[in-house]
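Asker: Residue numbers (numbering that gives the first Met the number 0), protein chains in the order written: chain A, 0 to 406; chain B, 0 to 353; chain C, 0 to 291.
Since the hints were derived computationally from the structure, they do not count as laboratory data.
One or more of the hints may lead you astray.
[To be verified] Straight-line Cα separation of at most 20 Å, SDA-like style, residue types lysine to any residue; simulated pairs:
| no. | chain 1 | residue 1 | chain 2 | residue 2 |
| --- | --- | --- | --- | --- |
| 1 | A | K187 | A | D268 |
| 2 | B | K173 | A | A286 |
| 3 | C | K278 | C | V257 |
| 4 | B | K261 | C | K278 |
| 5 | B | K87 | B | I15 |
| 6 | C | K119 | A | A286 |
| 7 | A | K241 | C | M220 |
| 8 | A | K134 | A | V158 |
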Amino acid sequence: MKKFLSIALALVLMAGVFAACGDKPESGGTTDPTPPASSSAAGDTIKIAIIGCHTGEYAQYGLGVKNGATLYIDQLNASGGINGKQVEIVAYDNKADNQEAINAFNRAVDQDGITALIGDVLTGNTIAVGGEAYKINMPMITASATAEAVTYDAETDTVYANIFRTCFIDPFQGEKMANYASEKLGAKTAAIIYETGNDYSVGVKDAFIATCSALGIEIVSEEGYATGDVDFKSQLTTIASKNPDVVFCPNYYEDDGLIVTQAREVGVDAVFMGADGMSGVSGYASAADAEGTLYCSGYAPGSTDAVKAFEAAYTEKYSAETLNMFAATAYDAAMVLCNALQVAEEAGLTAGTDEYKQAVIDAIRDKSGELECITSNGYTFDAHNNPVKDACIMKVVEGTETFVENY
Amino acid sequence: MKRNQMLIPMPLRYLINAVLFAAFLWIMNSLITGGAISRYHSGIISSIGISIILAVSLNMATGYLGQLPLGHAGFMALGAYTSALIMKSAAAAKGLESALGASYAAYFFPAALVAGGLAAALFALLIGMPALRLRGDYLAILTLGFGEIIRVVLLNIDNVLGFKLTNGAAGLQKIPTTTTFLFTFIFVGITCFVIHTMMKSRHGRAILSIRENEIAAESCGISTTYYKTLGFVVSAFFAGIAGGLYAGNVGILNPSSFGFMKSIEILVMVVLGGMGSMLGSVLSASVLTALPELLRSFAENRMVVYSLVLVIVMIFKPTGLMGTYDFSLNGLLDKLILKLKGGNARFQKGGPDE
Amino acid sequence: MSLVISQLINGLQSGSIYALVALGYSMVYGIIMLLNFAHGDIIMVGAYAAWFVMVRLSLNPVLAIILAILACTVLGVVIEKVAYTPLRSSPRLSLLITAIGISFLLENLAQRVFGAGAQKVPALISGPAIEIGGQRFSFIAMVTIVVSVVSMALLTFLVRKTKMGKAMRAVSEDMGTAQLMGINVNLTISFTFAVGSALAGIGSILYSCAYPQASPTMGAMLGLKAFVAAVLGGIGSIPGAMLGGFCIGLAEAIVSAVGLSVWKDGVVFAILIVVLVVKPTGILGRAIREKV
Chain A
0 MKKFLSIALA LVLMAGVFAA CGDKPESGGT TDPTPPASSS AAGDTIKIAI IGCHTGEYAQ
60 YGLGVKNGAT LYIDQLNASG GINGKQVEIV AYDNKADNQE AINAFNRAVD QDGITALIGD
120 VLTGNTIAVG GEAYKINMPM ITASATAEAV TYDAETDTVY ANIFRTCFID PFQGEKMANY
180 ASEKLGAKTA AIIYETGNDY SVGVKDAFIA TCSALGIEIV SEEGYATGDV DFKSQLTTIA
240 SKNPDVVFCP NYYEDDGLIV TQAREVGVDA VFMGADGMSG VSGYASAADA EGTLYCSGYA
300 PGSTDAVKAF EAAYTEKYSA ETLNMFAATA YDAAMVLCNA LQVAEEAGLT AGTDEYKQAV
360 IDAIRDKSGE LECITSNGYT FDAHNNPVKD ACIMKVVEGT ETFVENY
Chain B
0 MKRNQMLIPM PLRYLINAVL FAAFLWIMNS LITGGAISRY HSGIISSIGI SIILAVSLNM
60 ATGYLGQLPL GHAGFMALGA YTSALIMKSA AAAKGLESAL GASYAAYFFP AALVAGGLAA
120 ALFALLIGMP ALRLRGDYLA ILTLGFGEII RVVLLNIDNV LGFKLTNGAA GLQKIPTTTT
180 FLFTFIFVGI TCFVIHTMMK SRHGRAILSI RENEIAAESC GISTTYYKTL GFVVSAFFAG
240 IAGGLYAGNV GILNPSSFGF MKSIEILVMV VLGGMGSMLG SVLSASVLTA LPELLRSFAE
300 NRMVVYSLVL VIVMIFKPTG LMGTYDFSLN GLLDKLILKL KGGNARFQKG GPDE
Chain C
0 MSLVISQLIN GLQSGSIYAL VALGYSMVYG IIMLLNFAHG DIIMVGAYAA WFVMVRLSLN
60 PVLAIILAIL ACTVLGVVIE KVAYTPLRSS PRLSLLITAI GISFLLENLA QRVFGAGAQK
120 VPALISGPAI EIGGQRFSFI AMVTIVVSVV SMALLTFLVR KTKMGKAMRA VSEDMGTAQL
180 MGINVNLTIS FTFAVGSALA GIGSILYSCA YPQASPTMGA MLGLKAFVAA VLGGIGSIPG
240 AMLGGFCIGL AEAIVSAVGL SVWKDGVVFA ILIVVLVVKP TGILGRAIRE KV
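Make the full structure from the sequences, and use the hints.
Answerer: Printed below as a string of structure tokens:
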């Protein structure tokens with residue numbers, strides 16, 4: 000009986016494999032020869048993909064991007080789409096895995112016949128997808144991948160001309176905060192505590208140190224911690240003994256909350272500074288501990304009417320939990336991309352052709368300056384396809400994160 | 000009844016399997032190069048191949064040897080980084096491409112993969128010699144610790160003596176994507192063949208005896224430490240090769256891809272398929288790799304399902320779905336020939352032979 | 000000098016939590032030879048329970064502490080009954096894989112239910128820092144160290160002086176013989192799990208006070224390090240678990256203090272490897288001969 004059962008189960012497993020295999024030639028056959036042709040033949044929709052991590056540890060970033068971009072595209076479609084064509088979204092979850100990200104991208108290209116991509120979300124995934132997208136010159140705009148290497152390969156001095164972003168790069172934030180510390184806070188000494196297993200933290204930290212040494216701020220202590228650590232007291236005790244003017248912690252907000260709390264416990268009374276990952280820190284540290292903490296952000300909640308309108312529309316449709324900076328930059332990314340698609344459509348090009356892709360890429364680069372975006376007054380891109388825009392300085396005042404100034 | 004009677008001579012048995020496998024490779028490869036299978040699907044097929052190598056190699060240590068190494072992803076990482084560094088430096092040496100043509104990858108990639116496998120095997124030897132003298136749970140926790148150490152080391156040896164190595168948390172980027180269907184499945188074939196023949200040999204029987212009863216095996220004069228180390232090292236070698244293929248498939252390596260979670264995923268494949276069944280490992284690796292792609296809703300709950308599967312399989316069928324059953328094409332042919340020759344009588348239960 | 004003392008206190012504080020968790024590992028391993036991987040995740044459940052009671056139900060901290068410890072205790076017993084009892088006569092490998100499965104099940108369920116991000120646990124205990132001779136001692140650090148030492152003393156009393164403790168020692172010595180002597184083996188094993196899990200519950204409260212966040216994977220690394228502590232001290236030995244916990248905590252603090260914090264996890268596992276190779280029985284453990 001047991002044997003029979005196991006044979007039956009094995010057959011089910013096998014059936015699974017054959018179902019998987021059987022799926023392949025079929026769908027491959029229909030889409031493969033000229034994949035985008037089928038979508039352009041339909042003529043009335045433009046397909047774009049949104050790929051990111053919608054589940055797992057970093058889901059709030061991926062969902063923010065997905066919702067932010069979807070919000071804009073829904074608004075656009077409601078007002079008539081692009082030259083009468085509706086924009087259709089295919090959204091794939093990559094589970095924060097590089098292999099899954101590439102699979103999702105290939106699927107979007109081969110099976111769905113997309114014309115452009117919004118994504119990916121995490122830096123590593125974006126580099127993985129970017130490598131594939133560069134091969135076929137697919138227009139791609141990320142709202143959240145902040146590493147320099149996404150658009151520019153320093154080793155071979157190659158700019159990936161097809162990849163853009165609407166967020167800052169890591170070094171930019173480190174430079175800004177070092178300048179701010181020197182100019183506005185008059186800091187002479189700084190200590191750093193950062194997550195070594197996180198390329199974002201490392202990237203911001205390196206730029207901060209480089210700028211500090213140029214400005215004459217002395218780095219009295221540079222402490223690292225491993226991903227998943229919760230006890231920072233040993234490092235902070237060392238920092239406390241050096242008595243720095245500012246403590247720079249370019250990490251994610253949950254860790255920063257613990258750091259601020261424990262720092263006060265061991266007697267660090269310096270001002271804490273961070274980068275955009277610190278947004279949300281007030282929920283993880285008491286108002287007294289976090290008072291005066293400064294960070295830079297790509298987006299200042301509630302600062303302008305456009306931003307308020309965006310926030311109202313977003314919270315009406317999605318949960319406020321995912322309304323983060325990347326939701327705002329994704330909204331902008333969708334705006335920049337759709338504007339470029341419109342340029343290509345108006346030029347009468349056929350979707351999926353090389354000229355079409357190139358036209359979209361050129362339009363993103365050259366024709367985004369006049370757009371009324373919510374995190375920047377239009378977008379202009381530098382030689383490495385990074386946006387040129389100001390940072391918003393945010394400060395924790397009595398437990399709420401408030402906008403101070405553009406810097 | 001002589002169940003194990005081999006009517007087909009050994010060389011012919013190997014030949015039949017080799018021919019069939021080559022035919023499979025040729026058909027699939029021409030489908031892919033011909034464009035009948037899209038890049039998306041061939042990408043998934045390559046992932047399946049990599050999973051198969053990982054599962055079959057872990058099965059060597061878990062199913063046959065009866066140990067529970069929890070650092071398989073660590074060995075995979077070692078192989079991945081080693082071969083990725085070799086391929087990157089080969090790609091950087093511009094002269095090679097002009098000397099060997101655009102297909103220089105075809106020369107270097109197998110060598111890089113083997114180097115990755117050897118690196119993993121070497122570390123397995125270093126860790127195995129002390130660790131394998133310990134009992135099961137200690138070994139499990141030790142390999143787990145070792146896997147974590149590999150991850151920490153890869154994260155922190157960004158820059159050693161002026162050599163740029165792993166590029167730390169940002170990950171090793173722009174690795175030449177040289178993994179193709181053909182490379183992957185040739186190595187799948189090699190892995191299965193080597194492990195299969197090894198298990199059919201004297202060494203294999205020694206390894207199985209350790210699984211059944213270590214003390215009894217030792218008292219029969221089998222050097223348990225030697226055979227445990229052997230099984231462990233072979234297992235790590237193929238994990239390293241799978242790592243190299245993974246590197247060539249993805250093009251970017253982060254230490255965080257090789258955490259404890261990855262080791263568990265491989266373990267689930269082995270446990271579900273049946274500890275000690277190569278066929279089981281192959282099947283469950285294929286299904287568990289393809290399923291999240293096919294069923295997007297399954298992908299969300301994947302980890303919950305995996306952990307439930309581990310518990311439920313262990314409680315209700317601790318040997319896994321396939322148990323220790325292994326499929327043999329030639330065995331089937333043998334039976335068929337017997338049937339044709341001698342009629343059904345010999346196979347009926349309670350027949351005169353039995 | 001005050002810097003050195005501060006660092007030692009830091010080490011002792013995290014070491015106390017490791018010690019409490021290590022006690023649970025040690026007891027379970029001692030009685031059914033199982034490395035209970037899910038033990039670390041019980042702490043995670045305790046932290047979420049405290050968070051749930053205080054934030055969602057808005058009850059007071061004392062109730063949160065009691066309910067969290069209760070939740071851990073019940074969970075520990077349920078896991079033992081559902082997952083480990085059916086496998087008591089199976090190979091050790093199956094039991095170990097089941098334990099890993101349970102651990103992952105708890106982590107992933109927590110992730111599905113509470114989300115992947117961390118939840119802030121409000122302050123359960125608070126008090127002023129104590130100053131002795133110019134040296135600041137954080138209140139929570141003091142409470143953590145005192146509570147764990149008291150717990151260990153109570154546990155020693157339980158195991159050495161009570162009837163149940165005698166039964167536990169008997170079962171861990173020889174399960175079959177203990178049964179013949181009229182000891183209710185199933186009850187004894189369940190009791191062991193209950194005590195171990197209750198200690199984990201206390202650990203989760205102290206942990207939530209020191210690091211006020213609950214996240215799905217918080218128990219994994221904590222559990223592993225506590226296991227290392229149990230092995231270092233000698234598995235099956237109560238003072239050993241305590242000693243091992245303090246050693247690991249201090250080692251981590253020292254490594255971080257000298258600026259090598261990124262290698263902290265590596266150092267902990269390196270300690271494990273060295274101990275297993277040099278003295279597999281740990282500092283205070285005794286060798287168990289395997290029967291043929």
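Asker: Each of the hints needs a verdict: does it hold here or not?
Answerer: Evaluated hints:
1. Restraint check for K187/A and D268/A: the C-alpha separation of about 15 Å stays at or below 20 Å, so the hint holds.
2. A threshold of 20 Å between alpha carbons decides the hint, and for K173/B with A286/A the separation of about 44 Å lies outside it, so the pair is violated.
3. With a C-alpha separation of about 27 Å, the suggested pairing of K278/C with V257/C is violated against the 20 Å cut-off.
4. Of the pairs offered as hints, the one joining K261/B and K278/C is violated, with about 31 Å between alpha carbons and a cut-off of 20 Å exceeded.
5. Using a Cα cut-off of 20 Å, the hinted pair K87/B and I15/B is violated, with the two alpha carbons roughly 38 Å apart.
6. Only pairs whose Cα atoms come within 20 Å are accepted, and K119/C paired with A286/A is accepted, the gap being roughly 13 Å.
7. As the CA atoms of K241/A and M220/C are separated by approximately 30 Å, the hinted pair breaks the 20 Å bound.
8. Between K134/A and V158/A, the direct Cα distance comes to roughly 13 Å. Compliance with the 20 Å bound is thereby established for this hinted pair.
Hint check: violations occur at hints 2, 3, 4, 5, 7; the rest are consistent with the structure.
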